[in-house]
Each structure stands twice: as structure tokens, then as C-alpha cells.
Amino acid sequence: MTALIEARGLVRRFGGVIALDGFDLVAAPNEILGLIGPNGSGKTTFFNMITGIYGADAGSVVFDGADITNAPPRAIYRAGISRTFQRSRLSLPLSIFDNIMIGNHKRLNQGIWFNLVRRADFKREFEENYHAARALVDVFEPALADRMFEPVAGLPMIDRRRIEICRALISAPKLLLLDEPSAGMTHEETTELMDDILLVREHNKALTIIIVEHEMSVIERITDRCIVLNFGRKIAEGPYRDVATNAQVQEAYLGAA
Amino acid sequence: MSESDPAVGQVTTGRVTWCPGLAALAFATVYIIALLGAERQWVIIALLAFGIVGAGTAGAFGLLNSVNRSFADHEDSMGLFAIAAALVIATWFREEHFVLLLVITVLLYTVATLGLNVQFGYAGVLNFAGASFFGIGAYTSAVLNPTGVPHLLVLLTGGVLAALVGSILLLPVLRTRGHYAAVVTIAFALLFKTFLEVNDVLGGPQGMQVKGMRLLGWSFNDNIEFGNITLSFYVNYFLLSLMLLIGTFGLVRRLERSWIGLNLDALRLDETAAGCFGLNIARWKITAFLIGNFLIGIAGALFGMVGGFVGPNNYTFGDSLILVSILLLGGIGNPWGLLVATFIVVVVPEKLQTIQEYRFLLYAVLVIGVLLFRPEGLLPRPVRRYFPGWRP
Chain A
22 MTALIEARGL VRRFGGVIAL DGFDLVAAPN EILGLIGPNG SGKTTFFNMI TGIYGADAGS
82 VVFDGADITN APPRAIYRAG ISRTFQRSRL SLPLSIFDNI MIGNHKRLNQ GIWFNLVRRA
142 DFKREFEENY HAARALVDVF EPALADRMFE PVAGLPMIDR RRIEICRALI SAPKLLLLDE
202 PSAGMTHEET TELMDDILLV REHNKALTII IVEHEMSVIE RITDRCIVLN FGRKIAEGPY
262 RDVATNAQVQ EAYLGAA
Chain B
1386 MSESDPAVGQ VTTGRVTWCP GLAALAFATV YIIALLGAER QWVIIALLAF GIVGAGTAGA
1446 FGLLNSVNRS FADHEDSMGL FAIAAALVIA TWFREEHFVL LLVITVLLYT VATLGLNVQF
1506 GYAGVLNFAG ASFFGIGAYT SAVLNPTGVP HLLVLLTGGV LAALVGSILL LPVLRTRGHY
1566 AAVVTIAFAL LFKTFLEVND VLGGPQGMQV KGMRLLGWSF NDNIEFGNIT LSFYVNYFLL
1626 SLMLLIGTFG LVRRLERSWI GLNLDALRLD ETAAGCFGLN IARWKITAFL IGNFLIGIAG
1686 ALFGMVGGFV GPNNYTFGDS LILVSILLLG GIGNPWGLLV ATFIVVVVPE KLQTIQEYRF
1746 LLYAVLVIGV LLFRPEGLLP RPVRRYFPGW RP
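Chains A and B are the protein sequences, given in the same order. Just remember that our numbering sits 21 ahead of the position in the first sequence, which is counted from 1. Just remember that our numbering sits 1385 ahead of the position in the second sequence, which is counted from 1.
Derived by calculation from the structure, the hints in this document are not laboratory data. Since the model is a prediction, treat every value here as computed from it, not as a measurement. Glycine included, each C-beta is placed from N, C-alpha and C at the ideal position. Accuracy of the hints is not assured; some may be wrong.
Between beta-carbon pairs, the in silico distance windows are [to be verified]:
#: 1; chain 1: B; residue 1: 1754; chain 2: A; residue 2: 149; range: 39 to 47 Å
#: 2; chain 1: A; residue 1: 152; chain 2: B; residue 2: 1735; range: 49 to 57 Å
#: 3; chain 1: B; residue 1: 1560; chain 2: A; residue 2: 272; range: 17 to 25 Å
#: 4; chain 1: B; residue 1: 1608; chain 2: A; residue 2: 153; range: 58 to 66 Å
#: 5; chain 1: B; residue 1: 1556; chain 2: A; residue 2: 81; range: 46 to 54 Å
#: 6; chain 1: B; residue 1: 1564; chain 2: A; residue 2: 144; range: 47 to 55 Å
#: 7; chain 1: B; residue 1: 1693; chain 2: A; residue 2: 144; range: 43 to 51 Å
#: 8; chain 1: B; residue 1: 1560; chain 2: A; residue 2: 79; range: 22 to 30 Å
The following block holds chain B by itself, in its conformation from the complex (with noise of 0.2 Å):
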């Protein structure tokens, strides 16, 4: 919008190439391997520093908006592109445990943060209880992987637990609006701390162990073996991980570019219109913000059996913060978006060491910095186009 080139949006004229865009990836590709795989911390920060720079340069010779319209125009390419690299990076880190580590948690944190769009970006219900929800997805995979339920089930029963606990705030939720609905949510996540201190089945303060994940019979937490090629056994976790991030990413896609999308951007943007024009808005603010847990319960359920380990503390108001500035930072409604925010905001802190007890303060300056100078987040979300590609 701020941009005053007539053809933006345009379906006939104005289209780019995937080129800005692959290039893009590939250099991503690079430098987050680099960024990964360095350890002394002037290294780091240099890479940092020199990420600021590229990026803002980037940005101000308009090639950020090249990239964002090349993915926009492209996507199946440019997903295929994204999956290649992802799997790049993770053949490349393949015996490093702590890396891979990290890498997952980037994986399914973006899948919360989807739901979280679901729910903020597109019906416009704003939810400070993300972690909470997460817990509750990693509390069932607890719960339930010592039993003998299929641990496949059990991601989905997280899931389900997760929309279904969810949906006691619901009442509150589409009775009050904006900040009233949110500072419902905010209760919840204290209360939801709380209930896990003083529940003793669920293990208290101390939590409990998560058993790693099987599937037909192969035990996720045992390092993968070829000969003399030995894989971390988080290889098992990634790939889980990624096909999770892929599934969601195409929901959520599809749901934005369908009539479904345009009825939660209705009731967001102006919920008075949209009701009179026929909108049901408490049966879409529910759908969004079931569909929303859902997801980040589904995430939550295999973080835990990542993790090995729940308890109180993982799951507290703090990081119910942190997810949602990844929302602000990364452009809400923009799902690439995410995925970039979503590596700054949990990779940045765990690589700088030195700043560790300092990170709150770095995501507040970078949310504070992101709306002050680009208000729409790194990557805005572009005009709904209901199939990439179409022309009338």
C-alpha cells in the first residue's frame, strides 16, 4: 500500500520472476548454515550485524518487496525451493544434536505461530494463552505415549485437547472485544501455570518425562545408522517436524484463499458490516479460534516429545509473549513471514550466549523497531489471491 507503483496487485502486468526469489533462499540457505554452524560469538555478531545490514540495504532498494511479490507469485515453486533448502540444512547439521535441536524448535514454534494467525491474523482474536496451548498439546503426549495409543493419534489428540480446553474461553471471548477478549486470554495463561504447580497426577512444579516418539516400531530417539554413516536421531524429529510445518502451511494457505479467509478478514477489519451482510460472526470467531489451538496444540504435542521433558515453567505467560511477537515481527498474515520471524526470535538469542539474560529486552527493541519503521512487519502480507498465478 505504501508503495505508489500503480501495478501492485495487478494480475494482468507487474509480475516478477522466481528468480529474486530463489536467489534469495539460497543466499538465506547459506548464511543460516553459516550463522548455525558458528561459535566463537565475534563470529556471530559480525554475521549478525552484517544480516542488519544486508537485510536493511535490501530493503532500501525495494529488493525485499521484489522477493516478497516473487514468492507471492510463485509459491509452489518457491515451497518446493523452501523444502530443499530446509532439508539442505539438516543434511548439513547431521550429527550435530544441538543444532537440529534448534532447527525443530524453529519448525514447530512457525506452527504455533500459524495457529496463532489463524486466530490474531485473520479473525482478529488476539491470544495471549499460545503457550498455554502448547503446553497442552506436550502435557497429552505425557500423558498418553506410556499408554499404548498410537503416538500418531497422540499428536492429534493434543490437538484436539488443546481446541477443546480451549473452548471454555470462548464464551468470554465473543462476549467481550480487542483488548477485553485478550485480557481474557491473559488469565487464562496464569491460571493454566498455575493448575500445573498444583496438580500432582500431572507431576506439579517438578513436571513430568515425555517418552520419545514411536512409529510403527521405530523409536524416534535412537540415532539412525547407514554402515558407518551415523545420523543424529533428531534427523527422525526434523523430518516429522517439517512434513507438520508443510500440512499446516497448506491449510493455512487455503483457508486464507477461500471464503472462509475473506469472512475472518471481515469480521476483523469491520464486524458490524459483516454482520450485515449476513456473517455469522460468533460461528467464524469460533471456527478460527478452535482451528488456531488445534494447530498449536498439534505442535505443542510434538515439542514435548522432542523436549523429552514438560513442566510449569516451559509454559508460562513469557513465552505466550514471545509467540506473539513472532506475529508482529514477521508481518501478521504473511506465513513466510513467520518462518523468518520465527528463526530470529528463537535462534538469535540461543547463538548469542552473551546476551542470553538479556533476550526479553532484544524482542522488545526488535518489535518496537519493526513498528516503529515498518509497521506492517519484515514481510506485509500481500492482496488475497484465491489461486497464485490465475488470470481472468
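Chain A on its own, in the form it takes in the complex (with noise of 0.2 Å):
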């Protein structure tokens, strides 16, 4: 098995706490890997970690045969990751058209001349991804891609949550890291997105997923494996079913009896 990507040894200090203490991670292509552990263990940091948001202060990160450790956000975006965030970080005046194409910098023509002066040139670009962003949209929810150009400010959360995924997905990423995708929806809504994640996947089975997550509903029903961390390190590793048994892991959660 070759990997997409591998962390080694990851370390990260905030000041005085270590947020993520060795912490070791290899995902295949095309797995679904789910990352658990309680509030603080490090999830969201490993996420800012390889996205290049916050350094390592030590380890390695290499993806898709490219070291890629301490790389700044858009070399590692341009290598083919692409993330959403635990609070939904869509631009809210900007229509569902506009916040996707932000996730597809690295494909548009971003030339001065061009953009400003060969106009038929600019369309021809516009409407073939106007074509591909609705194409996107309308496998997660129809109704959405009727509404290209309105602003997402009006959509409710679920909505949101699809237009982000889109955002992330549109520029055909080799990784997906989806920081709690259900935070903030009820029970209904988070099902209904779990589904057009499974859908995203039966579309492209060359993707692959990491999924931080705290609904194990989710977890349990989506993902190959799961990592579960706790105050920065790896405490279990393994499919759902066996980790959910593991009693250091359920020490984590519920604490010691």
C-alpha cells in the first residue's frame, strides 16, 4: 500500500501546551478515515497542521510522494488538498457561484489581460465552470443549483455546509478534510449531508477523506478507520467497531471509573 499522505512524529506547542505530542498518521488513497477524541486532543490543530495554517515545530509531512511540511497554504491547496471548516467559513455576500470559484483558484486564468481585456476569452472560461459549479451543486441538492446567484448569506445551515463541501471539491482534490461538518445541524440535516458525502465518493472513488467528528453516528456509518486522539497523541487506531471497545478510549471520554 503506498499512501497519500503520511505524517510523521507530529509536534505542536501553543506556549506551554503541547496541542499535538508525535502524533503519526497514514491514510491510503481512496480510504475514509475518521479522526475522534475529546475537545482539545488536536484534531482541528492536525488539520491547521497540514493545511499549512500553523507550522510543525517538529515532524514531517509528506503527501502524494512530496514532502509538504511547513509548505504554506497555497503550495499545499496546488498539491490537491482542500479542507471546510469546524465554523463555516463561506463569504457571505458572495453568491453560491462565487464562493465555489474561490475554491477553484488554482484552475481559473488569473491574468490581468486576460481577466480585464479578452472578454470572450473570460466568458468562455466563466461559463464553462458555470457549467461544472452548478454540475457539483446539483448532485448535492437540486434546488440549490437553480440559485447560482444568489447570496449564501439567505441559505440555512445545511445549505451552507453543501456550498463549502462544493467549495472544496470543486478543484477535483486528491484529500478532503472535513472539520465536523455537522456542527451546528440537527439530526436530520446531518444524516442528509453524510449522504451526499457518500455520493461525492461513489462519483469519484479516487478521492480521499479525513473526517474529524463528534456525532459517532456519523463516524460509525462512514468511515473505514478511525484515529482517536487524546492530549495530543494517538490512543487507539482501527476500525470503529474495535476502537468504540477500547477501554483507554472509553477512559477518554467517559473517564476513569
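Hints are included, so try docking the two chains, each in its own frame, into the full complex.
Put into C-alpha cells, the structure is as follows:
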């Protein structure tokens, strides 16, 4: 098995707090990997490290054969890693289409001459991207596909999450990082969103997903494998059913008996 | 956004014809001619009161929103109508130096605020030194006009110099965010005025004369005579200013309706998220800052030639504040709104001689009123349409 992403011995300190303490993670191509653990155990820190928002104090990350340790977010996105955020980070006054296009930055022609003067060519690129974005949104929620030029500020939470996921998927990444996609949603909405994610996987078998989630039903349903974190260290790894019965994991969540 | 109408922003339905826009424009033209031509204070006050009540009523009945949408949907035709309206106004006042000067001031200030709009409205970089960059353009005219440099090239040089001098600020502006970056530009505005005052080469506190524009042997400072018709020499400057505004308007519009406009919005609204999707934050902030200062500099260079004089007191921090208040008043990001706001801010204090000394009070009241009752400005910015009228 060649790993798509391989993190070794990652360490991240914030002052005296060690958020991540020698963490290892390996994900294979087209795997759905769950990352679970109590609040503050280092899950989001890990996401922020491999997307370049935080630097690593020690350790290395190799993605798709290239070393991306301490690379800037731009380079990591170009290499093929996209993410969603725990607190939705859409640009609310902008339209659905605009938000999705933000995620397609690396495939859009950013030349000033192209954008300002060669409007016929720009229009062609715009139309191609409109159809691509619309087709992607259509997979998630056909009703939204007719509202591509409405501001996202007027949409309910579940639709905003869908658009965030579309924004991450539009550039055809190899690795998708989902940071608590169920946050702020009802149980039914969460179920619906998970159906969507599984559907996306069916469309694109090569996609690898790492998901941070507190909703254990989600983890149980969609992940192939789980890694449990506590105080910045890995305490268990394996299929959800095995991990859930692990004594150390139960102690981490419920406290010592 | 405040509208619950589900058709807002939709491409396929809820379209408005150009009628409300054209009606509003025709009405505005008549109103502007009446206001600019009025001399007695009570007439002016009555007209202004009528304007405020009229706009308020139109807003309350949703008419302003349909006008706004009509402009958004049919921008090319509305642009032509607006140019025609400007020509009608100039023709009406063809012999009146002072009124034409006011109109030219409105046109050039709008060019300058369009530059600020690229910086603040799109990229979110606050620039409290707008008047300084305007001044750099004006001083460029003062220095270069007596030399043999062609005067159109002087305008361009004014813009380039403003952008170049502005790049001194790039490092501090890039290293700070929001209010802190704004403080950097305030410091620059204060320094710039002091620099002009102590610099004898540039005339010191007395300032400098600016030679009028000459284009292909045609002197802009001579009245135009056709047989027995005499037009004010300001008509020359009016036409050139109008062309500059049209060009700037088109440029800023295209910028907004491109991936570049999207980049600028993305970095203003969420730098972290934009960075995670490959955006080079520094590159686009620099682009916006330079383009903005370039436009402000060109407007300043032409304005210097119109006025015939430049001095340190014309380009103070207070004038920069006026430019920013135009931006807040008009509707950040909406070029049409900026045109309306510039007219209000430039013309009203000039016509209302009674309030001259209280003009800053008027601006303060206007800005606070807008922020309280219409926080997105008189004409809020609509959702981006890459090609107006385009349907999937």
C-alpha cells in the first residue's frame, strides 16, 4: 500500500500547551478516515498543520510523494488538499457561484490582461466553470443549482455546508479534509449531509477523505478506519467497532472508572 | 439581502426593465439642473428638502430598489443615458464657469473614489491618504506641464507616480490588518502635507501655479468660440473629465466582474479561507492598492490643471476623510452610488453658502445617518454579475 498522506511525529506547541505530541497518521488512497477524540485533543490542530495554517515544531508530512512540511497554504492547496472549516467560513455576501469559484482558484486564469481585456475568452472560461459548478451543486441539492447567483447569507446551515464542500471539491482535490461537518445541524440534517458525502464518493472513487467528527453515528456509518486522539497523542486506531470498545478510548471520553 | 423577495439575485426571473432607471435618470437631470442653476438660498433649501423627502419616499415605496436593479440589469444602456444626461447638463450651463467647475469636480472626485473603492470596497484595504495621492497627481502636473512633456502623458505620469509613492506604504500595509493599516495611511497623509510645506522646490506653503492643458496645440484654457456662440473654457475640461470617468468606470466594472474582483472580495471577507484556496494575499492586496492609487493620481493630475493652482492645504487629511465619507455614503462597491454620493458631498456645501463653515458637521450627520438607517449606503452593491443580462 502506498500512502497518499503520511504524517510522522508531528509536534505543535502553543506556549506551554502541547497540542500535538508526536502524532503519526497514514491514509491510503480512497480511504475514509475518521479522526475522533475529546475536545482539545488536537484534531483541528492537525488539520491546520497539514493545510499550512500552523507550522510544525517537529515531524514531517509527505503528501503524494512530496514533502509538504511547513509549506504555505497556497502550495498545499495546489498539491491537491482541500478542506472545510469547523465554523463555516463562506463569504456570506457573495453568491453561491462566487463562493464555489473561490475554491477553484488554481484552475482559473488569473492574468490581468485575460481578465480585463480578453473578455470573450473570459466569458468562455466563465461559462465552463458555471456548468461545472452547477453540475457539482446538482449532486448535492438540485434546488440550489437554480439559485447559483443568490448570496449564501440567505441559506440555512445545511446548504451552507453543502456549498463549503462543493467549494472544496470543485478543484478535484486528492484529499478532502472535513472538519466537523455536522456542527450546528440537526440530526436529520446531519444524516442528509452524510448521504451527500457518500454520494460524492461514489462519483469519485479516487478521493480520500479525513473527517473530524463528534457525532459517533456519522463516524460509524461512513469511515473505513478511525484514529482516536487524546492530549495530542494517538491512543487507538482501527475500524470504529474495535476502537469504540477499546478501554483506553472509553476512559478518554468518560473518565476513569 | 434585507429583502425577503426570493427573486433577488436570481438570473432567470424577477427582471426589471430599463424604464425605472431611465425615469430616475431623467428626473435626476432636471433636478440637478434646477439645483445647480438656483441662486437664492431659500430656493436651494427648498430643492434640497424636496430631494430628501422625495428620495425618502421613493425608498419607502421600494422605488429606489427597482431603480437600482434596473441599473444593474441594463447597465450598458443606462451608461449611455447617463453620458447623455451629463452632456445635457453641460450644454445647459455652457457659459457658466463656476457651475461647470463644480460638475468637473464631481466627475474627478468620482474617479478618485472609484480608486478608493478598488482598495477598500473590494480588497478591504482602508486608505485614509486619498487626498495625498490626489495631490501627488496635481503636483506632477504643476512640475511637468511647463516642460515639453505631452500633457496626456503628464496625466498618466501623475497616476504612475501616485502608485509608486504609494508603494512605500505597501510593506506596513501588508504587515498590518484593518484599523492598524488605516493608521499607517493616516500617518502618511500627515507626513505628506508636512513634506509639501517644507519643500521649497515644490513651492513650500505657497504652492505652485499649474499651466493649463494643451492638447495637439489646442489650449484648454481658452474659451471656445463658434461664430457668435461662446462656450466656457471649462467645457474642454468637462469633456476630458467625462472621458476619464467613463474609462475608469469601465475599468473598475470589468475588474469587479472578473476572477480578480472575486479574489479581492475573497481576501477582504476571509483572508485565512482565501489563503487555504491558493490565493496569494500579498499579490492581490498590492494589485488593488496600486490600481487604486493610480486612478486617484490621474484624477488629481487633471484636477490640478483644472484648478490652475496646487498647495499643501488642498490635500489635507480632512480631504481624505471627505473621500472616505463619499465611499460610505454611496454604497461601498457600487460605482453608481459613488457618483450620487460625490454629487451630494461636493455640490451641497457649495450651493448652501449658509452652512459653509459647518460642512464637516453636514458630512458627519450624513455619514452617521446612512450608517444608522441604510448601512450599505444609498445604493447598495448588488451580487456580482459577470455579464449583465447573461442567462445560463
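### Message
Given the hint of 39 to 47 Å, is the C-beta distance from residue 1754 of chain B to residue 149 of chain A inside that range or not?
### Response
Check passed, 45 Å falls within 39 to 47 Å.
### residue 1560 of chain B paired with residue 272 of chain A, Cβ distance criterion 17 to 25 Å
Distance hint for residue 1560 of chain B, residue 272 of chain A is violated at roughly 46 Å.
### Query
CB of residue 1693 of chain B to CB of residue 144 of chain A, is that within 43 to 51 Å?
45 Å, holds
### Message
Verify the CB-CB distance for residue 1564 of chain B and residue 144 of chain A against the hinted window 47 to 55 Å.
### Response
Hint violated: Cβ distance 39 Å, outside 47 to 55 Å.
### Query
Do the Cβ positions of residue 1556 of chain B and residue 81 of chain A conform to the proposed distance bound of 46 to 54 Å?
33 Å, violated
#### Entry: Hint check for residue 79 of chain A and residue 1560 of chain B - Cβ pair distance inside 22 to 30 Å
28 Å, holds
### Message
If I claimed the Cβ atoms of residue 1608 of chain B and residue 153 of chain A lie 58 to 66 Å apart, would that claim hold in this structure?
### Response
Holds - the Cβ-Cβ distance for residue 1608 of chain B and residue 153 of chain A, about 59 Å, lies within 58 to 66 Å.
### Query
Taking the CB of residue 152 of chain A and the CB of residue 1735 of chain B, does the distance hold inside 49 to 57 Å?
52 Å, holds
Hints 3, 5, 6 from the list above are not met by this structure, while the remaining hints are.
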